[in-house]
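Peer 1: Hey, can you work out the whole structure from these sequences and the hints?
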Amino acid sequence: MNQTAALHTEDLSFDGILERIQCEWASGQVVGLVGPNGAGKSTLLRLLAGVIRPTRGRIYIRGQSISKVSPKDRARDVAYLPQQIPDNASFTVEQYVEMGRFPYRTLFGGLDRESREAVNRAMTGLNLLSFRTARLDQISGGERQRAGVARCLAQGSPIILLDEPIANLDVHYQLDILLHLQRLAEEGRLIVMAIHHLELAARYCDRLLLLHSGRVYAEGPPQDVLSERALEEVFQVKAKTYADPFGGHLRVSYSP
860 MNQTAALHTE
870 DLSFDGILER
880 IQCEWASGQV
890 VGLVGPNGAG
900 KSTLLRLLAG
910 VIRPTRGRIY
920 IRGQSISKVS
930 PKDRARDVAY
940 LPQQIPDNAS
950 FTVEQYVEMG
960 RFPYRTLFGG
970 LDRESREAVN
980 RAMTGLNLLS
990 FRTARLDQIS
1000 GGERQRAGVA
1010 RCLAQGSPII
1020 LLDEPIANLD
1030 VHYQLDILLH
1040 LQRLAEEGRL
1050 IVMAIHHLEL
1060 AARYCDRLLL
1070 LHSGRVYAEG
1080 PPQDVLSERA
1090 LEEVFQVKAK
1100 TYADPFGGHL
1110 RVSYSP
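Residue 860 is where the sequence shown starts when you use this note's numbering, and the numbers rise one by one after that.
Some hints could be false.
Said to hold, decoys possible - Okay, derived cross-link-like pairs now, SDA-like style, lysine to any residue, Cα gap no bigger than 20 Å in a straight line:
id : residue 1 : residue 2
1  : 927       : 872
2  : 1097      : 1112
3  : 1099      : 1114
4  : 927       : 917
5  : 931       : 1016
6  : 1097      : 896
7  : 1099      : 1113
8  : 931       : 970
9  : 927       : 909
10 : 1099      : 1110
None of these hints come from the bench; they were simulated from the model.
Peer 2: Here it is as structure tokens:
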């Protein structure tokens, strides 16, 4: 095991859904989890976040087994955005984003100056200040999705796990979030996200983990993982891949 890896798994399996997942990711990069529906992307994220326990295998955060880390300390190390964002009428957008600072709450449950600055910074970065006092049930699904991402960013954790963070978003918000995540990686954080849009995954991720039937089909740079053979075998489509003439990013052309 590489002791410098931010996140590392050994022989990770879960209830027939995932089998023998081996991954090792350093800080300072964006990792995309790709694969068809049912491949195990969400389950892998839940395992990495400590929401569920593996039936076999181990997970390490900076060389320490996740099973030996307290929930509060784990929350400081790892922020997790699930696929479903609540629309609870009891919370405003700002109150929901503030939940990301729970691991840093003071003895009396309040937010200190650092936490308030983190919340404001996250809401500003996701263009949510105008929704500060709106209840979660009063905003659109896409706006709730942005609030969920903001909650993760406000948490300030060095590892950020996101399950479909750009789902239900208009294109300009998708690009804003992906660019924001890239900048966080450049600052030294590890971003791991499930993403369906293969071309956006190829453009904004440093590495991809391609899951197929609960197993790792391929892992590495996008141009190596998203081969024409992989697209046909895993996604069951015929496609041609080529470099974008304007930026050199991988593009995919599907054939009927």
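Peer 1: Taking the hints in turn, state whether each one holds.
Peer 2: Going through the hints against the structure:
1. 927 - 872: Distance ~19 Å between residue 927 and residue 872 Cα, so the pair holds.
2. 1097 - 1112: Holds: residue 1097 and residue 1112 sit about 9 Å apart, inside 20 Å.
3. 1099 - 1114: This hinted pair holds, its Cα atoms lying about 8 Å apart.
4. 927 - 917: It holds: about 11 Å lies between the C-alpha atoms, which stays within 20 Å.
5. 931 - 1016: 12 Å, holds
6. 1097 - 896: 18 Å, holds
7. 1099 - 1113: 6 Å, holds
8. 931 - 970: 16 Å, holds
9. 927 - 909: Given pair residue 927, residue 909 holds - Cα atoms ~11 Å apart, limit 20 Å.
10. 1099 - 1110: This hinted pair holds, its Cα atoms lying about 8 Å apart.
No hint from the list above goes unmet by this structure.
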